[in-house]
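Construct all of the structure, not just a fragment, from the sequences and the given hints.
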Amino acid sequence: MFKKDPIQIITFRSYGTANHLYVKGRAIQDEGIDLSKTGFFNLIWNSWKRFETDKVKNTHLILTLPDGRKLETSTDNQGYFLIDITIENLLSLTDAEGWLEYSISFATEIKGREIQQNNNFKGEILIPSEEAKFGVVSDIDDTILHTGLTSFFKWAVIKNTFFKRAEKRIPLEGAAGFYHQLHDGKSGSDCNPVFYVSHSPWNLYRYLEVFLQKNNFPKGSILLRDFINPFGKKPPRGEKPQKQKEILNIMKTYPKLPFILIGDSGEHDPDIYIEIAEAHPERILALYLRNVNHKRKMIRVKGLFKDYETVPVLLVENSKAAVVHAREMGFIR
1 MFKKDPIQII TFRSYGTANH LYVKGRAIQD EGIDLSKTGF FNLIWNSWKR
51 FETDKVKNTH LILTLPDGRK LETSTDNQGY FLIDITIENL LSLTDAEGWL
101 EYSISFATEI KGREIQQNNN FKGEILIPSE EAKFGVVSDI DDTILHTGLT
151 SFFKWAVIKN TFFKRAEKRI PLEGAAGFYH QLHDGKSGSD CNPVFYVSHS
201 PWNLYRYLEV FLQKNNFPKG SILLRDFINP FGKKPPRGEK PQKQKEILNI
251 MKTYPKLPFI LIGDSGEHDP DIYIEIAEAH PERILALYLR NVNHKRKMIR
301 VKGLFKDYET VPVLLVENSK AAVVHAREMG FIR
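In this text, residue positions in the sequence shown follow full-length UniProt numbering: the first is 1, and each later residue adds one.
By construction, these hints were calculated from the structure, which means they are not laboratory data. Model, not experiment: these values are computed from the prediction. Accuracy of the hints is not assured; some may be wrong.
DSS-like cross-link-like pairs, simulated, lysine-lysine; straight-line CA separation at most 25 Å [said to hold, decoys possible]: (1) Lys256 - Lys219; (2) Lys122 - Lys111; (3) Lys133 - Lys245; (4) Lys133 - Lys219; (5) Lys320 - Lys214; (6) Lys55 - Lys70; (7) Lys256 - Lys240; (8) Lys214 - Lys122; (9) Lys133 - Lys186; (10) Lys122 - Lys4; (11) Lys122 - Lys219; (12) Lys320 - Lys186; (13) Lys122 - Lys57; (14) Lys219 - Lys186; (15) Lys320 - Lys133; (16) Lys219 - Lys252; (17) Lys70 - Lys122; (18) Lys4 - Lys57.
Okay, here's the thing in C-alpha coordinates:
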(Lines of atoms letter the chains of each structure in order from A and count residues from 1; the text may use other names and numbers.)
(Lines give C-alpha, C1' and ligand atoms only; values in the text may rest on other atoms or scores of the structure.)
Protein backbone atom coordinates (compact mmCIF):
# COMPACT_ATOMS: atom_id res chain seq x y z
CA MET A 1 0.00 0.00 0.00
CA PHE A 2 1.37 3.42 -0.96
CA LYS A 3 1.99 5.92 1.79
CA LYS A 4 -0.17 9.02 1.46
CA ASP A 5 1.49 12.41 1.01
CA PRO A 6 1.61 14.79 3.99
CA ILE A 7 -1.05 17.49 4.10
CA GLN A 8 -0.68 21.25 4.37
CA ILE A 9 -2.58 24.55 4.29
CA ILE A 10 -1.77 27.05 1.55
CA THR A 11 -2.77 30.60 2.51
CA PHE A 12 -3.45 33.22 -0.15
CA ARG A 13 -2.43 36.81 0.50
CA SER A 14 -5.71 38.67 0.88
CA TYR A 15 -7.00 41.96 2.30
CA GLY A 16 -9.21 43.46 4.99
CA THR A 17 -9.94 46.52 7.11
CA ALA A 18 -9.61 47.52 10.74
CA ASN A 19 -12.83 45.62 11.42
CA HIS A 20 -13.19 43.20 8.54
CA LEU A 21 -11.27 39.99 7.97
CA TYR A 22 -11.18 38.39 4.50
CA VAL A 23 -8.99 35.28 4.46
CA LYS A 24 -8.68 32.71 1.68
CA GLY A 25 -6.67 29.53 1.28
CA ARG A 26 -6.71 25.84 0.54
CA ALA A 27 -5.91 22.60 2.35
CA ILE A 28 -4.15 20.14 0.06
CA GLN A 29 -1.64 17.33 0.01
CA ASP A 30 2.00 18.37 -0.13
CA GLU A 31 3.00 17.12 -3.57
CA GLY A 32 6.64 18.06 -3.03
CA ILE A 33 6.68 20.74 -5.73
CA ASP A 34 10.12 22.35 -5.95
CA LEU A 35 9.90 25.51 -8.05
CA SER A 36 13.69 25.80 -8.17
CA LYS A 37 14.26 22.54 -10.09
CA THR A 38 15.40 22.78 -13.67
CA GLY A 39 15.18 20.39 -16.58
CA PHE A 40 12.38 19.46 -18.97
CA PHE A 41 10.98 16.52 -17.01
CA ASN A 42 11.12 18.33 -13.64
CA LEU A 43 9.18 21.25 -15.12
CA ILE A 44 6.60 18.91 -16.65
CA TRP A 45 6.25 16.98 -13.37
CA ASN A 46 5.87 20.14 -11.26
CA SER A 47 3.30 21.54 -13.69
CA TRP A 48 1.29 18.31 -13.60
CA LYS A 49 1.33 18.27 -9.80
CA ARG A 50 0.10 21.87 -9.62
CA PHE A 51 -3.11 20.90 -11.43
CA GLU A 52 -3.47 17.35 -10.17
CA THR A 53 -3.72 18.60 -6.58
CA ASP A 54 -5.36 16.30 -4.02
CA LYS A 55 -7.51 18.42 -1.74
CA VAL A 56 -8.34 17.97 1.93
CA LYS A 57 -12.08 18.55 1.85
CA ASN A 58 -14.70 19.25 4.54
CA THR A 59 -12.09 19.65 7.25
CA HIS A 60 -12.22 22.00 10.25
CA LEU A 61 -9.49 24.64 10.60
CA ILE A 62 -8.59 27.12 13.34
CA LEU A 63 -7.15 30.58 12.57
CA THR A 64 -5.24 32.36 15.33
CA LEU A 65 -4.66 36.13 15.31
CA PRO A 66 -1.52 37.69 16.84
CA ASP A 67 -3.48 38.71 19.96
CA GLY A 68 -4.62 35.13 20.56
CA ARG A 69 -8.18 35.39 19.23
CA LYS A 70 -9.28 32.26 17.39
CA LEU A 71 -11.69 31.78 14.52
CA GLU A 72 -13.05 28.52 13.12
CA THR A 73 -13.74 27.64 9.50
CA SER A 74 -14.03 24.57 7.27
CA THR A 75 -12.79 23.62 3.83
CA ASP A 76 -15.29 22.94 1.06
CA ASN A 77 -15.35 19.91 -1.24
CA GLN A 78 -12.43 21.37 -3.22
CA GLY A 79 -10.31 22.06 -0.13
CA TYR A 80 -10.83 25.84 -0.22
CA PHE A 81 -11.73 27.92 2.82
CA LEU A 82 -12.92 31.49 3.22
CA ILE A 83 -13.32 33.63 6.33
CA ASP A 84 -15.26 36.79 5.53
CA ILE A 85 -16.42 38.33 8.81
CA THR A 86 -16.67 41.54 10.83
CA ILE A 87 -14.22 41.59 13.72
CA GLU A 88 -12.89 44.52 15.75
CA ASN A 89 -9.41 45.90 16.48
CA LEU A 90 -7.32 44.48 13.63
CA LEU A 91 -5.35 47.62 12.77
CA SER A 92 -3.24 47.39 15.93
CA LEU A 93 -2.05 43.94 14.80
CA THR A 94 -0.45 45.14 11.54
CA ASP A 95 3.15 46.06 10.73
CA ALA A 96 4.33 49.40 9.27
CA GLU A 97 3.23 48.40 5.76
CA GLY A 98 -0.23 47.29 6.90
CA TRP A 99 0.31 43.51 6.85
CA LEU A 100 -1.36 41.36 9.50
CA GLU A 101 0.21 37.93 9.98
CA TYR A 102 -1.91 35.08 11.31
CA SER A 103 -1.47 31.35 11.79
CA ILE A 104 -3.88 28.62 10.78
CA SER A 105 -3.97 24.92 11.60
CA PHE A 106 -6.05 21.77 11.24
CA ALA A 107 -8.44 21.61 14.20
CA THR A 108 -7.70 17.93 14.87
CA GLU A 109 -5.31 15.25 13.76
CA ILE A 110 -6.36 13.43 10.61
CA LYS A 111 -6.01 9.68 10.89
CA GLY A 112 -3.17 8.25 8.87
CA ARG A 113 -1.95 11.65 7.63
CA GLU A 114 1.18 13.56 8.55
CA ILE A 115 0.65 17.33 8.87
CA GLN A 116 3.48 19.53 7.65
CA GLN A 117 5.12 22.39 9.62
CA ASN A 118 3.96 21.04 12.98
CA ASN A 119 0.43 22.01 11.98
CA ASN A 120 1.25 25.73 12.09
CA PHE A 121 0.86 27.57 8.77
CA LYS A 122 1.39 31.32 8.32
CA GLY A 123 -0.73 33.71 6.30
CA GLU A 124 -1.04 37.45 5.71
CA ILE A 125 -3.74 39.96 4.89
CA LEU A 126 -3.27 43.60 3.92
CA ILE A 127 -5.05 46.31 5.87
CA PRO A 128 -4.25 49.56 4.01
CA SER A 129 -3.09 52.59 5.92
CA GLU A 130 -5.56 55.42 6.45
CA GLU A 131 -2.91 57.63 4.82
CA ALA A 132 -3.24 55.78 1.49
CA LYS A 133 -4.39 58.05 -1.33
CA PHE A 134 -5.54 55.36 -3.77
CA GLY A 135 -5.39 51.64 -4.48
CA VAL A 136 -3.81 49.92 -7.47
CA VAL A 137 -5.50 46.91 -9.06
CA SER A 138 -3.35 45.14 -11.64
CA ASP A 139 -3.80 42.19 -13.91
CA ILE A 140 -0.82 39.82 -14.15
CA ASP A 141 -1.07 38.04 -17.51
CA ASP A 142 0.47 40.15 -20.31
CA THR A 143 0.35 43.20 -18.04
CA ILE A 144 3.43 42.53 -15.93
CA LEU A 145 4.22 38.98 -17.08
CA HIS A 146 4.36 37.93 -20.72
CA THR A 147 2.15 34.87 -21.11
CA GLY A 148 1.15 34.88 -24.76
CA LEU A 149 -2.62 34.89 -24.19
CA THR A 150 -3.12 36.36 -27.66
CA SER A 151 -0.97 33.73 -29.37
CA PHE A 152 -2.40 31.26 -31.87
CA PHE A 153 -4.14 28.39 -30.02
CA LYS A 154 -2.49 29.72 -26.79
CA TRP A 155 0.70 27.74 -27.49
CA ALA A 156 2.76 30.54 -25.90
CA VAL A 157 0.71 30.26 -22.71
CA ILE A 158 1.41 26.53 -22.51
CA LYS A 159 5.13 27.01 -23.18
CA ASN A 160 5.55 29.83 -20.67
CA THR A 161 3.48 28.25 -17.90
CA PHE A 162 4.65 24.65 -18.13
CA PHE A 163 8.20 24.94 -19.44
CA LYS A 164 9.59 27.96 -17.60
CA ARG A 165 10.43 28.29 -13.93
CA ALA A 166 8.85 31.26 -12.12
CA GLU A 167 12.21 32.89 -11.38
CA LYS A 168 13.20 32.61 -15.04
CA ARG A 169 10.11 34.41 -16.30
CA ILE A 170 10.94 37.94 -17.40
CA PRO A 171 8.62 40.76 -16.30
CA LEU A 172 7.58 43.39 -18.80
CA GLU A 173 10.16 46.17 -18.79
CA GLY A 174 9.79 48.88 -16.16
CA ALA A 175 6.66 47.40 -14.57
CA ALA A 176 8.12 46.71 -11.11
CA GLY A 177 9.59 50.21 -10.83
CA PHE A 178 6.33 51.84 -11.91
CA TYR A 179 4.33 49.82 -9.38
CA HIS A 180 6.71 50.87 -6.59
CA GLN A 181 6.19 54.49 -7.59
CA LEU A 182 2.43 54.05 -7.41
CA HIS A 183 2.75 52.26 -4.07
CA ASP A 184 4.86 55.12 -2.69
CA GLY A 185 2.56 57.77 -4.18
CA LYS A 186 3.03 61.52 -4.42
CA SER A 187 4.63 61.85 -0.98
CA GLY A 188 6.94 58.88 -1.42
CA SER A 189 5.49 57.21 1.69
CA ASP A 190 1.76 56.84 1.02
CA CYS A 191 1.77 53.01 1.20
CA ASN A 192 -0.95 52.78 -1.44
CA PRO A 193 -2.22 49.17 -1.49
CA VAL A 194 -1.56 46.96 -4.52
CA PHE A 195 -3.87 44.11 -5.54
CA TYR A 196 -2.85 41.57 -8.20
CA VAL A 197 -6.00 40.10 -9.79
CA SER A 198 -5.81 37.48 -12.51
CA HIS A 199 -7.84 34.95 -14.50
CA SER A 200 -5.12 32.41 -13.64
CA PRO A 201 -6.31 29.55 -11.37
CA TRP A 202 -5.32 29.22 -7.71
CA ASN A 203 -3.15 26.24 -8.71
CA LEU A 204 -0.61 28.82 -9.96
CA TYR A 205 -0.61 30.88 -6.75
CA ARG A 206 2.85 29.86 -5.50
CA TYR A 207 4.29 30.14 -9.00
CA LEU A 208 3.06 33.73 -9.34
CA GLU A 209 4.05 34.60 -5.78
CA VAL A 210 7.63 33.53 -6.55
CA PHE A 211 7.60 35.53 -9.80
CA LEU A 212 6.45 38.73 -8.06
CA GLN A 213 8.96 38.35 -5.24
CA LYS A 214 11.94 37.47 -7.44
CA ASN A 215 11.28 40.47 -9.68
CA ASN A 216 10.88 42.95 -6.84
CA PHE A 217 7.24 43.91 -7.35
CA PRO A 218 5.65 45.63 -4.35
CA LYS A 219 4.06 43.19 -1.96
CA GLY A 220 0.32 42.93 -2.49
CA SER A 221 -2.70 40.70 -2.28
CA ILE A 222 -2.82 37.99 -4.98
CA LEU A 223 -6.32 37.09 -6.09
CA LEU A 224 -6.90 34.34 -8.63
CA ARG A 225 -9.86 32.12 -9.57
CA ASP A 226 -10.93 28.51 -9.27
CA PHE A 227 -9.66 26.18 -11.96
CA ILE A 228 -12.30 25.74 -14.64
CA ASN A 229 -12.65 22.27 -16.12
CA PRO A 230 -13.13 22.79 -19.89
CA PHE A 231 -15.35 19.68 -19.93
CA GLY A 232 -17.31 20.71 -16.85
CA LYS A 233 -20.50 22.67 -16.36
CA LYS A 234 -20.38 26.16 -17.85
CA PRO A 235 -21.11 29.18 -15.59
CA PRO A 236 -24.58 30.73 -15.88
CA ARG A 237 -25.03 33.06 -18.81
CA GLY A 238 -24.45 36.71 -17.90
CA GLU A 239 -22.43 35.90 -14.77
CA LYS A 240 -19.58 38.35 -14.19
CA PRO A 241 -15.99 37.07 -14.56
CA GLN A 242 -14.32 36.21 -11.25
CA LYS A 243 -11.75 38.97 -11.81
CA GLN A 244 -14.51 41.58 -12.12
CA LYS A 245 -16.30 40.30 -9.00
CA GLU A 246 -13.02 40.43 -7.06
CA ILE A 247 -12.33 44.03 -8.14
CA LEU A 248 -15.84 45.10 -7.16
CA ASN A 249 -15.40 43.39 -3.78
CA ILE A 250 -12.15 45.29 -3.22
CA MET A 251 -13.89 48.58 -4.05
CA LYS A 252 -16.76 47.70 -1.73
CA THR A 253 -14.29 46.90 1.06
CA TYR A 254 -12.66 50.35 0.73
CA PRO A 255 -15.57 52.69 -0.16
CA LYS A 256 -13.54 55.88 0.37
CA LEU A 257 -10.53 54.80 -1.67
CA PRO A 258 -10.24 55.62 -5.40
CA PHE A 259 -8.43 53.17 -7.69
CA ILE A 260 -6.09 52.94 -10.65
CA LEU A 261 -6.77 49.89 -12.82
CA ILE A 262 -3.93 48.38 -14.87
CA GLY A 263 -4.35 45.65 -17.46
CA ASP A 264 -3.69 44.76 -21.07
CA SER A 265 -5.62 45.22 -24.27
CA GLY A 266 -5.53 41.59 -25.31
CA GLU A 267 -8.30 39.69 -23.52
CA HIS A 268 -11.09 40.79 -21.17
CA ASP A 269 -9.54 43.71 -19.26
CA PRO A 270 -10.85 46.55 -21.50
CA ASP A 271 -14.47 45.36 -21.24
CA ILE A 272 -14.25 44.65 -17.50
CA TYR A 273 -12.57 47.97 -16.74
CA ILE A 274 -14.99 50.01 -18.87
CA GLU A 275 -17.98 48.43 -17.12
CA ILE A 276 -16.49 49.20 -13.70
CA ALA A 277 -15.56 52.77 -14.70
CA GLU A 278 -19.03 53.44 -16.13
CA ALA A 279 -20.67 52.20 -12.92
CA HIS A 280 -18.23 54.00 -10.58
CA PRO A 281 -16.61 56.94 -12.46
CA GLU A 282 -15.91 58.84 -9.25
CA ARG A 283 -13.86 55.91 -7.91
CA ILE A 284 -11.57 55.29 -10.90
CA LEU A 285 -8.62 57.69 -11.28
CA ALA A 286 -7.23 56.15 -14.47
CA LEU A 287 -7.07 53.07 -16.65
CA TYR A 288 -3.68 51.93 -17.97
CA LEU A 289 -3.81 49.26 -20.68
CA ARG A 290 -0.65 47.77 -22.09
CA ASN A 291 -0.78 47.22 -25.84
CA VAL A 292 -0.42 43.64 -27.02
CA ASN A 293 1.00 42.44 -30.28
CA HIS A 294 -2.29 41.51 -31.88
CA LYS A 295 -3.58 43.74 -34.67
CA ARG A 296 -7.27 42.73 -34.60
CA LYS A 297 -7.56 43.05 -30.82
CA MET A 298 -5.82 46.44 -30.87
CA ILE A 299 -8.25 47.76 -33.49
CA ARG A 300 -11.17 46.67 -31.32
CA VAL A 301 -9.74 48.25 -28.15
CA LYS A 302 -8.87 51.54 -29.85
CA GLY A 303 -12.47 51.64 -31.07
CA LEU A 304 -13.74 51.11 -27.52
CA PHE A 305 -11.81 54.09 -26.22
CA LYS A 306 -12.25 56.44 -29.15
CA ASP A 307 -13.68 59.68 -27.72
CA TYR A 308 -13.99 57.97 -24.31
CA GLU A 309 -14.12 60.61 -21.57
CA THR A 310 -15.60 58.93 -18.51
CA VAL A 311 -12.18 58.43 -16.87
CA PRO A 312 -8.61 58.98 -18.13
CA VAL A 313 -7.43 56.05 -20.28
CA LEU A 314 -3.93 55.45 -21.58
CA LEU A 315 -2.95 52.71 -24.03
CA VAL A 316 0.78 52.27 -23.48
CA GLU A 317 3.57 50.44 -25.25
CA ASN A 318 5.80 50.49 -22.16
CA SER A 319 5.94 51.63 -18.56
CA LYS A 320 7.74 54.89 -19.41
CA ALA A 321 4.60 56.38 -20.96
CA ALA A 322 2.56 55.35 -17.92
CA VAL A 323 5.11 56.93 -15.55
CA VAL A 324 4.95 60.24 -17.46
CA HIS A 325 1.14 60.25 -17.36
CA ALA A 326 0.98 59.25 -13.67
CA ARG A 327 3.36 62.07 -12.79
CA GLU A 328 1.32 64.58 -14.78
CA MET A 329 -1.83 63.41 -12.97
CA GLY A 330 -0.15 63.81 -9.58
CA PHE A 331 -0.25 60.12 -8.68
CA ILE A 332 3.53 59.88 -8.21
CA ARG A 333 6.36 62.32 -7.60
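Verification of the supplied hints:
1. For the hint pairing Lys256 with Lys219, the CA-to-CA distance comes to about 22 Å; that is within 25 Å, so the pair holds.
2. Distance check on the hinted pair: Lys122 and Lys111 sit about 23 Å apart at the alpha-carbon level, within 25 Å; holds.
3. Restraint check for Lys133 and Lys245: the C-alpha separation of about 23 Å stays at or below 25 Å, so the hint holds.
4. This hinted pair checks out: Lys133 and Lys219 have alpha carbons roughly 17 Å apart, not beyond 25 Å.
5. Between Lys320 and Lys214, the direct Cα distance comes to roughly 22 Å. Compliance with the 25 Å bound is thereby established for this hinted pair.
6. Proximity of Lys55 to Lys70 is assessed by CA-CA distance (about 24 Å); at most 25 Å being required, the pair is judged to hold.
7. With a C-alpha separation of about 24 Å, the suggested pairing of Lys256 with Lys240 holds against the 25 Å cut-off.
8. Proximity of Lys214 to Lys122 is assessed by CA-CA distance (about 20 Å); at most 25 Å being required, the pair is judged to hold.
9. In summary, the hint linking Lys133 to Lys186 is supported, as the alpha carbons are separated by about 9 Å, within the 25 Å threshold.
10. In summary, the hint linking Lys122 to Lys4 is supported, as the alpha carbons are separated by about 23 Å, within the 25 Å threshold.
11. Proposed proximity of Lys122 and Lys219 is supported: the alpha carbons are some 16 Å apart, at most 25 Å.
12. Restraint check: the Cα-Cα separation between Lys320 and Lys186 comes to about 17 Å, which is no more than 25 Å; the hinted pair holds.
13. A hinted pair counts as satisfied when its Cα atoms are at most 25 Å apart, and Lys122 with Lys57 qualifies at roughly 20 Å.
14. Between Lys219 and Lys186 the alpha-carbon distance is near 19 Å, which keeps this suggested pair within the 25 Å criterion.
15. Of the supplied pair hints, the one linking Lys320 and Lys133 holds, its CA atoms being roughly 22 Å apart against a limit of 25 Å.
16. Straight-line distance between C-alpha atoms of Lys219 and Lys252 comes to about 21 Å, which keeps the hinted pair within the 25 Å bound.
17. As the CA atoms of Lys70 and Lys122 are separated by approximately 14 Å, the hinted pair is consistent with the 25 Å bound.
18. Between the alpha carbons of Lys4 and Lys57 the distance comes to roughly 15 Å, so the proposed pair stays at or under 25 Å and holds.
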